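Colleague: Read off the chains here:
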Amino acid sequence: MADKELQVAEKQEVSPERGEFTREGIYFTPAVDICETEKEIMIFADMPGVKPDGTEIELKEGILTIEGKVQALPSAGEQLLAEYRKGNYFRSFRVADSVDPEKIAASMSNGVLKLTLPKAQRALPRKIEISAV
Amino acid sequence: MFRWGLTRDLMWSEFGRIQRNLDELARRMSGPMRFPLEPAWRTSPIFPALNVAKEGSSYTVSAEIPGMNLEDLEIRVEGDTLNLKGMRKPEPLGEGVSYHRKERASGLFQRSLTLPSRIDADEVKATYADGVLTIVLPMEKAALPKQISVTTG
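For the protein sequence lines, the chains are A and B, in the order given.
Going by the numbering used here, the final residue of the first sequence carries number 133, and the count climbs one at a time with no gaps.
Going by the numbering used here, the final residue of the second sequence carries number 1153, and the count climbs one at a time with no gaps.
In short, the hints are calculated from the structure, not lab data.
Check before you lean on any hint, since a few could be wrong.
[Said to hold, decoys possible] Calculated pairs, DSBU-like style, for lysine-lysine (alpha carbon to alpha carbon, straight line, at most 35 Å):
hint: 1; chain 1: A; residue 1: K69; chain 2: A; residue 2: K11
hint: 2; chain 1: B; residue 1: K1125; chain 2: B; residue 2: K1085
hint: 3; chain 1: B; residue 1: K1089; chain 2: A; residue 2: K114
hint: 4; chain 1: B; residue 1: K1089; chain 2: A; residue 2: K51
hint: 5; chain 1: B; residue 1: K1102; chain 2: A; residue 2: K114
hint: 6; chain 1: B; residue 1: K1102; chain 2: A; residue 2: K103
hint: 7; chain 1: A; residue 1: K86; chain 2: A; residue 2: K60
hint: 8; chain 1: A; residue 1: K11; chain 2: A; residue 2: K51
hint: 9; chain 1: A; residue 1: K69; chain 2: B; residue 2: K1054
hint: 10; chain 1: A; residue 1: K69; chain 2: A; residue 2: K39
hint: 11; chain 1: B; residue 1: K1125; chain 2: A; residue 2: K86
Treat the numbers as computed from the prediction; the structure is a model and nothing was measured.
Could you put the whole structure together from the sequences, leaning on the hints where they help?
Modeller: Have a look at this one:
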C-alpha cells in the first residue's frame, strides 16, 4: 500500500449548505483520517499552510469543530502556474458520548493536525447483592 | 458545379468540426462539479499540485505536501528542469488500530517541471514549513537580460 502512487486530491470547498460563512476568504474541507484504539480516538487532518497558532478547536454540544487559518500573503511576482488554491480550513465532527471532553489534546506538525480524544472511564458494571430477608 | 459542391461540403464539414469542438469545450467548462472560473487542467493527477511565480530574476515553486519527513524528499535541478521526488508515509500507528475514515493519501510521487529559463543550481533554496514546500530558483546569470551601454566614438 505504501508503494501506491500519489494523486492530486482536489481541494473541496466547504459547501454553503453546511453552514454559510460570513467570514472572509475561501474555506476548504481538510482531508482527515479517523482511527480508534481501545483507549482513544485519533483524528488527523491535513491543513497545509496553517501555523499551530492559526488553529482553533472547539467542542460545543457534542460537535467538535476544527478551523485552520492560512496567513494571507499576496502572491508576489507574475503567476506562471496555479494548480492549487490557498484558503482556510473548516470541518466539524459529531463526537461520541464515550469521549471524555476534558481530556481532548491537539498537536500540529508540518501542516497536520492531530487530535486525541481519550475515551471516558466507563462505569464498571456493578454487582448487586441480593440480601436474604 | 461538381467542384463547387465539393468545396461547399468541405466547408460545411469544417463548420461541423468547429461546432463539435466548441460543444465539447462548453461541456467541459460547465460540468456540474466544476467551479466556472477554474481551468480544465485543475484535474491534473500528477502529485504534488504546484504554484509557480516569477519574481525578479528568480522563480518560486510551491507545493502543499503536509506531513512529510524531509529525508523522504528529493529535489534536483538540472539545466532548466526541476525534479521533485518523494514519499508520503502513512502515520505510524501501532497494533490494534481500526480506521473509521481514511481520506489522507500516502504513497510515492515524482514530478518534473521545466522552467522558462536555465537555473543557477548552486543558488537554489528550499524550505519546508507548515506542510508547504517552497523552492526559490534563481535564473542562470547568462539567462538574465543585459543592458548594453553605447559609447560615442
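Colleague: Look at each hint and say if it fits the structure.
Modeller: Against the structure, the hints:
With a C-alpha separation of about 15 Å, the suggested pair K69 of chain A and K11 of chain A falls inside the 35 Å cut-off, and the hint holds. Taken as a hint, the K1125 of chain B and K1085 of chain B pair is honoured in the structure, with Cα atoms around 16 Å apart against an allowance of 35 Å. Under the criterion of a C-alpha separation no larger than 35 Å, the hint pairing K1089 of chain B with K114 of chain A is consistent with the structure, at around 15 Å. Taking the CA atoms of K1089 of chain B and K51 of chain A, the gap is about 21 Å. The hint holds against a cut of 35 Å.
Straight-line distance between C-alpha atoms of K1102 of chain B and K114 of chain A comes to about 14 Å, which keeps the hinted pair within the 35 Å bound. Using a Cα cut-off of 35 Å, the hinted pair K1102 of chain B and K103 of chain A holds, with the two alpha carbons roughly 24 Å apart. The straight-line distance between the Cα atoms of K86 of chain A and K60 of chain A is roughly 28 Å, inside the 35 Å bound, and the hint therefore holds. For the given pair, K11 of chain A sits about 19 Å from K51 of chain A by alpha-carbon distance, which is consistent with the 35 Å threshold.
For the hint linking K69 of chain A to K1054 of chain B, the alpha-carbon distance of about 26 Å falls within 35 Å, and the restraint holds. The hinted pair formed by K69 of chain A and K39 of chain A meets the criterion: a straight-line CA distance of about 31 Å does not exceed 35 Å. Proximity of K1125 of chain B to K86 of chain A is assessed by CA-CA distance (about 22 Å); at most 35 Å being required, the pair is judged to hold.
When held up to the earlier numbered hints, the structure conflicts with none and fits them all.
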